[in-house]
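**Q** These protein sequences, in sequence, are chains A and B. Position 28 of the first sequence, counting from 1, maps to 8 under the numbering used here, and the rest follow consecutively. Every position in the second sequence, counted from 1, becomes a number in the numbering used here once 448 is added.
Hints in this document: simulated from the structure, not taken from any laboratory. Be aware that a few hints might be false.
[Stated by the list, open to error] From the derived model, a few chain B residues whose C-beta atoms are all more than 10 Å from chain A:
{"no.": "1", "residue": "Asp460"}
{"no.": "2", "residue": "Pro469"}
{"no.": "3", "residue": "Ala471"}
{"no.": "4", "residue": "Glu484"}
{"no.": "5", "residue": "Tyr495"}
{"no.": "6", "residue": "Ala502"}
{"no.": "7", "residue": "His526"}
{"no.": "8", "residue": "Met530"}
{"no.": "9", "residue": "Ala537"}
{"no.": "10", "residue": "His563"}
{"no.": "11", "residue": "Arg564"}
{"no.": "12", "residue": "Trp580"}
[Stated by the list, open to error] Here are the in silico distance ranges between beta carbons for each label pair:
{"no.": "13", "chain 1": "A", "residue 1": "Ala46", "chain 2": "B", "residue 2": "Asn485", "range": "34 to 42 Å"}
{"no.": "14", "chain 1": "B", "residue 1": "Arg451", "chain 2": "A", "residue 2": "Glu(-6)", "range": "25 to 33 Å"}
{"no.": "15", "chain 1": "B", "residue 1": "Glu512", "chain 2": "A", "residue 2": "Ala27", "range": "35 to 43 Å"}
Glycine residues also receive a C-beta, built at the ideal position from the N, C-alpha and C atoms.
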Amino acid sequence: MKTITVRYFAMFREHAGIDEETLSLDAATAADVFEHTRSRHKSSEPAGHCKVAINDEMADWTSPVADGDTVLLFPPVAGG
Amino acid sequence: MMRMTTDPIDPDALRRELFDPAAGGYCSFEGWVRNENEGHEVLRLEYEGYEPVAVAEGRKILAEAAEKFPSLHAHCVHRTGMLEIGDCAVWVGVASAHRDEAFKACRYIIDEVKHRLPIWKKEHYTNGDSGWVNCERCAEHAHGA
């Protein structure tokens, strides 16, 4: 098990009702973390439209997560 | 220079920062808050950004633009917070020796900024509803689809 801090932004934050939470997870990749939070917060947004960062660095869904990492879940972006 | 700000964007002041005697051309893009989106009358837009990653990713985009379309200076500023119709939400400015690089770099930067920076906008509609742009589930909620 790994201790992962998950941060939620924009609609993810509104949906989860929290800015962040620390979870004890059996997760190998960022995608595993996302899937866990999707079922935890009953979210239906597909990963394909979303982005992820690990410890403030943009990452891919296949990027590995390590014990103590902070995973930032970004819903579909809309700058400009 | 890549910057996020909650203050109003002043394009004239930003333009002056790019002045360079070696520049033969300057191209800029301003993204403004529009009063309509997909048939819904918009009252105002609320922008949220995650600055540490947005600035880092913005700097990468500026570096990519400099590599692809060599220019003298390229800057980008994105605003966050509650914006009214007509407000400038994003500004891109490029100064270069010749116009071609300025046009191309400016276009590249704004296109990448829109797709890559962790910035979100919530539309507030005249009917009292609101919805996050590009978020399918939220759009369904907001529009009752």
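**Q** Next, verify each hint and record whether it holds.
**A** Hints versus structure:
no. : hint                             : result
1   : Asp460                           : 20 Å, holds
2   : Pro469                           : 31 Å, holds
3   : Ala471                           : 25 Å, holds
4   : Glu484                           : 16 Å, holds
5   : Tyr495                           : 8 Å, violated
6   : Ala502                           : 8 Å, violated
7   : His526                           : 6 Å, violated
8   : Met530                           : 14 Å, holds
9   : Ala537                           : 7 Å, violated
10  : His563                           : 7 Å, violated
11  : Arg564                           : 7 Å, violated
12  : Trp580                           : 4 Å, violated
13  : A:Ala46 x B:Asn485: 34 to 42 Å   : 40 Å, holds
14  : B:Arg451 x A:Glu(-6): 25 to 33 Å : 27 Å, holds
15  : B:Glu512 x A:Ala27: 35 to 43 Å   : 25 Å, violated
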